[in-house]
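Engineer: Listed below, chain by chain, are the residues.
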Amino acid sequence: MKRELLKFAAFTLLILLLPLLFNGGYLMNVLVFVGINTMLAIALNLLLGYAGQISLGHAGFFGLGAYLSGVLTATYDWNPWQAMPVAAIVVGCMAFLIGFPILKLKGHYLAMATLGLGIIIYIVFNETIDLTGGPSGLSGIPSLEAGGIVFDSDVKNYYLIWGVTLAVVLFSINLANSRVGRALRAVHDSEVAAQVVGVNARLLKVQVFALSAVISSLAGSLYAHTMTFISPASFGFNFSVELLTMVVIGGLGSVYGSFLGAALLTLLPEFLRAAQDYDIIIYGGLLVVMVMFMPGGLVRGIPELFRKVFKSRGGADHA
Amino acid sequence: MFFIPTQTPTLTLMVREFLFQKRDKMLFDQILQYTLSGLSTGAIYALIGIGFSIIYNATGIINFAQGEFVMLGGLLTLTCLDLLKLPIWAAIPCAVAVSTLAGLLFERLAIRPLRQPTPINLVIITIGGSILIRGLAMLIWGKDTHAIPSFSGDEPIAIGGATILPQHLWILAITVVIIAINKFYFYHTISGKAMRACAYNRRAAGLVGIDVRRMVLFSFMISSAMGAVAGIIVAPLTMIAYDVGVMLGLKGFCAAIIGGMSSGIATVVGGLLLGVLESLGAGLISSGYKDAIAFIILLLILFIRPQGLFGKADSERV
Amino acid sequence: MLEVTGITQIFGGVTALEDVTFRVNRGDITGVIGPNGAGKTTLFNIITGIYNQTSGKVFFEDKDISGLPPEKLARLAMVRTFQNIELFGGMTVHENVMVGMHTKSSSGLLSCALKMPWSISEERRIRNESMKWLEFTGITDLAEVEAGNLPFGKGRLLEIARALAVEPRIILMDEPAAGLNSQETQGLARLIKKIRDLGITVVLVEHDMELVMDICDRIVVLNLGRKLAEGTPREIQENPEVIAAYLGDDD
Chain A
964 MKRELLKFAA FTLLILLLPL LFNGGYLMNV LVFVGINTML AIALNLLLGY
1014 AGQISLGHAG FFGLGAYLSG VLTATYDWNP WQAMPVAAIV VGCMAFLIGF
1064 PILKLKGHYL AMATLGLGII IYIVFNETID LTGGPSGLSG IPSLEAGGIV
1114 FDSDVKNYYL IWGVTLAVVL FSINLANSRV GRALRAVHDS EVAAQVVGVN
1164 ARLLKVQVFA LSAVISSLAG SLYAHTMTFI SPASFGFNFS VELLTMVVIG
1214 GLGSVYGSFL GAALLTLLPE FLRAAQDYDI IIYGGLLVVM VMFMPGGLVR
1264 GIPELFRKVF KSRGGADHA
Chain B
454 MFFIPTQTPT LTLMVREFLF QKRDKMLFDQ ILQYTLSGLS TGAIYALIGI
504 GFSIIYNATG IINFAQGEFV MLGGLLTLTC LDLLKLPIWA AIPCAVAVST
554 LAGLLFERLA IRPLRQPTPI NLVIITIGGS ILIRGLAMLI WGKDTHAIPS
604 FSGDEPIAIG GATILPQHLW ILAITVVIIA INKFYFYHTI SGKAMRACAY
654 NRRAAGLVGI DVRRMVLFSF MISSAMGAVA GIIVAPLTMI AYDVGVMLGL
704 KGFCAAIIGG MSSGIATVVG GLLLGVLESL GAGLISSGYK DAIAFIILLL
754 ILFIRPQGLF GKADSERV
Chain C
24 MLEVTGITQI FGGVTALEDV TFRVNRGDIT GVIGPNGAGK TTLFNIITGI
74 YNQTSGKVFF EDKDISGLPP EKLARLAMVR TFQNIELFGG MTVHENVMVG
124 MHTKSSSGLL SCALKMPWSI SEERRIRNES MKWLEFTGIT DLAEVEAGNL
174 PFGKGRLLEI ARALAVEPRI ILMDEPAAGL NSQETQGLAR LIKKIRDLGI
224 TVVLVEHDME LVMDICDRIV VLNLGRKLAE GTPREIQENP EVIAAYLGDD
274 D
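Residue numbers (the numbering used here), protein chains in the order written: chain A, 964 to 1282; chain B, 454 to 771; chain C, 24 to 274.
It should be emphasised that the hints constitute simulated quantities derived from the structure, not laboratory data. Hints may be right or wrong, so weigh each one.
Stated by the list, open to error - With a straight-line Cα cutoff of 35 angstroms, these simulated DSBU-like cross-link-like pairs (lysine-lysine) come out:
{"hint": "1", "chain 1": "C", "residue 1": "Lys95", "chain 2": "A", "residue 2": "Lys1067"}
{"hint": "2", "chain 1": "A", "residue 1": "Lys1069", "chain 2": "B", "residue 2": "Lys743"}
{"hint": "3", "chain 1": "A", "residue 1": "Lys1067", "chain 2": "C", "residue 2": "Lys86"}
{"hint": "4", "chain 1": "C", "residue 1": "Lys80", "chain 2": "A", "residue 2": "Lys1067"}
{"hint": "5", "chain 1": "A", "residue 1": "Lys1274", "chain 2": "C", "residue 2": "Lys177"}
{"hint": "6", "chain 1": "C", "residue 1": "Lys138", "chain 2": "C", "residue 2": "Lys177"}
Claimed, not checked - Computed, partial: chain C to chain A, Cβ under 10 angstroms:
{"hint": "7", "residue": "Lys95"}
{"hint": "8", "residue": "Thr104"}
{"hint": "9", "residue": "Phe105"}
{"hint": "10", "residue": "Phe111"}
{"hint": "11", "residue": "Ser128"}
What the hints assert, rightly or not - Not close to chain A: a few residues of chain B, all C-beta gaps over 10 angstroms, as computed:
{"hint": "12", "residue": "Met467"}
{"hint": "13", "residue": "Asp477"}
{"hint": "14", "residue": "Leu489"}
{"hint": "15", "residue": "Pro540"}
{"hint": "16", "residue": "Ile541"}
{"hint": "17", "residue": "Pro546"}
{"hint": "18", "residue": "His599"}
{"hint": "19", "residue": "Asp607"}
{"hint": "20", "residue": "Gly613"}
{"hint": "21", "residue": "Gly614"}
{"hint": "22", "residue": "Trp623"}
{"hint": "23", "residue": "Val661"}
{"hint": "24", "residue": "Asp664"}
Just so you know, even glycine gets a beta-carbon here, dropped at the ideal spot from N, CA and C.
Please construct the entire structure, taking both the sequences and the accompanying hints into account.
Structural biologist: If you want it as structure tokens, here you go:
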């Protein structure tokens, strides 16, 4: 556990110092998104990497958090600091309730069911025009304020978002190395054996599903308040696939892997700006290549690669 | 509803009878119209759904990319007609052949080399594959929607108070033919029976000398061919673009789930049911939520009766 | 202690078990034997809550446990091991046993994630206490090995250690000697006796006749889904029906 804390401290330092490297500018805006996507990727990873349950509808929870918080603050003048937790609780309860029937399904069926759920949520965003503004989106969402500071610039948003993201990272690391984290991984490895030693697999899966939804909702609310404008297009099936790609590329079951995957997939389109439309081909290609050649993700694959390279060079050292 | 004065009872009664009748008749015509067009889209869903079932039964894989072959069928036909200037009766087989080739390549390149075929990996790789195919389609055909001409003109045909187009009849006819060919293949040819054997018991099939890997390949090829045909026959009615595959694929999957993953009548019924319910719902309740109807049905079936409406015991496995 | 009455299990058209009734005494080592296809594993799966029987009841410590799921049975101090060992391959040997202590701990999701003080001290306790089960089964040296990399014999021992961490009053083992060589089987026999000496009742399904006759106090014989006989090893060995059914062919 000491090692984990050290890693976390190093990571925190990196995040704190990054803005100084880039000195503001456009990249800061992108780094804010990296923070949000990291939060989302970790949320999905808890479900997919630790508990082994596939979800192709996570953009839906993200969107629910964004719209609930956005509508409550923009249309009904709620205080964002009240709207965000309320949104999270509502989404959490929804996920808890729907988790029971949906997590009875396994493998492909679960994937399809979550996909369907995500799309239904997306359609609702598009059709409830009076509430959400429909395809044209919802604007006028207030920024967050705290202690006299208004979070309306990229640098301020960066620290706000990353503050929350780092908390989520620590939360997940603690969870992974705990009784509940072990129970989760046990359910993933052998559900029946976990049950035999007393793990209520069904309840645990639903709890993680709800937790994952709550974190996604939080990310969505923060997204709404930093962007001040949201539209359904950001919360559709394509984004769910993007999240899945982030988690798979980074490495299932690895919190830092989720960061890697999120960072890569958020930064890549920026560097390939000319290839705007090609991003979906790249995601598809990455998914296929990763699953075939590096199923453990970058976080395991790269050290493996290094090991292989060094092994082939200095064979005598590894007696 | 109009307020009808009660001072002149006979006239009132007559007017009321007439209005009710007219409204009922209009309603009836509307329902008929939606049902008929729903049957035709339902036939498409059925073809796509059968494609899902064939692959699932032979391999245990849900091919997320199934919808993309539907899209390819339509777009390839367009190219054959426009670019290669082929007549329609040549363009269609050409398009189907190329789609089948795409299915073959997909299985060879994406499915077979997979070292750890866990459900998660298979889901991810079929999703990735579908995205790649979609992306390539976008590169080749751009983002615009295209149309291909109807097979035999656009003269509407009246049935009762509703109208259908000749293309609707083509859809129903071709679907029936495909299903008949399917039935014949799976029950009266050696290779079809071999594929059913794989569906029932893969290991036993391998032990009696059936080349299971080749059956897997065939199942992908047959499904992509069927998907392509579905895409071609519906293309004259709906526009085709590089991204039509996603929704069509999902709805086809829904049809397959209703039918309990059967590759026979049960999925056909599932598809027709879905098409009609969707059409009625969109017409009578709200058109914006049209797509949601299919997914709500999907969720309901998966929650309440995951073995499909007709249960595994009765429906065919392959 | 464990009483099984009238258990019948019908799968589709096949009657796997028919009207099976027997009892297990506290503190005994009871063996369940029978030719292949006799229904032994099906019976086990019914007792341990993995299947629901078509009819009949299971009583544990005079309480009707018919139909209870495995996780509830663990809290009632009943645990089982599997014929094809079901390890948590992605975790270390030590972590596997720690999961066994799930019912002996209670920190919830939030307490764990927020590192509440009681969850920290509970984690320390779980870590330390689980070690003693590794010592009991003799695999302490493998504590940090990934469970998926264990040789089969050690994997068996791990599964037993994990089951013991539940602190059960009864442990049901499904063919624990399967896949073990004769040296490992002797070690297993000693281990099972040690378990009994802790006061835990043991029930095992087995094919290895030497092991069964050696350590069991009572034996139940199943054949073709029915109970054929019940008694001490001597009685079973001398029962002509049992001999006819299978003892003659198997050794």
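Engineer: Run every hint past the structure and note whether it holds.
Structural biologist: Verification of the supplied hints:
1. C:Lys95 <-> A:Lys1067: holds, 18 angstroms
2. A:Lys1069 <-> B:Lys743: Holds, at roughly 27 angstroms.
3. A:Lys1067 <-> C:Lys86: holds, 29 angstroms
4. C:Lys80 <-> A:Lys1067: holds, 27 angstroms
5. A:Lys1274 <-> C:Lys177: holds, 30 angstroms
6. C:Lys138 <-> C:Lys177: holds, 33 angstroms
7. Lys95: Result: holds, 8 angstroms to nearest chain A Cβ.
8. Thr104: holds, 8 angstroms
9. Phe105: holds, 7 angstroms
10. Phe111: holds, 4 angstroms
11. Ser128: holds, 5 angstroms
12. Met467: Correct as stated: the minimum Cβ-Cβ distance to chain A is 42 angstroms, above 10 angstroms.
13. Asp477: holds, 29 angstroms
14. Leu489: holds, 25 angstroms
15. Pro540: At roughly 33 angstroms from the nearest Cβ of chain A, Pro540 (chain B) sits farther out than 10 angstroms, so the non-interface label holds.
16. Ile541: Non-interface label on Ile541 (chain B) holds, nearest chain A Cβ at 31 angstroms vs cutoff 10 angstroms.
17. Pro546: About 29 angstroms separates Pro546 (chain B) from the closest Cβ of chain A, which puts it past 10 angstroms; holds.
18. His599: At about 18 angstroms from chain A, His599 (chain B) clears the 10 angstroms cut-off, so the statement holds.
19. Asp607: holds, 31 angstroms
20. Gly613: At roughly 32 angstroms from the nearest Cβ of chain A, Gly613 (chain B) sits farther out than 10 angstroms, so the non-interface label holds.
21. Gly614: Consistent with the label, Gly614 (chain B) stays out of reach of chain A, its closest Cβ about 30 angstroms off (over 10 angstroms).
22. Trp623: holds, 30 angstroms
23. Val661: holds, 28 angstroms
24. Asp664: holds, 23 angstroms
When the structure is compared with the earlier hints, no violation turns up for any of them.
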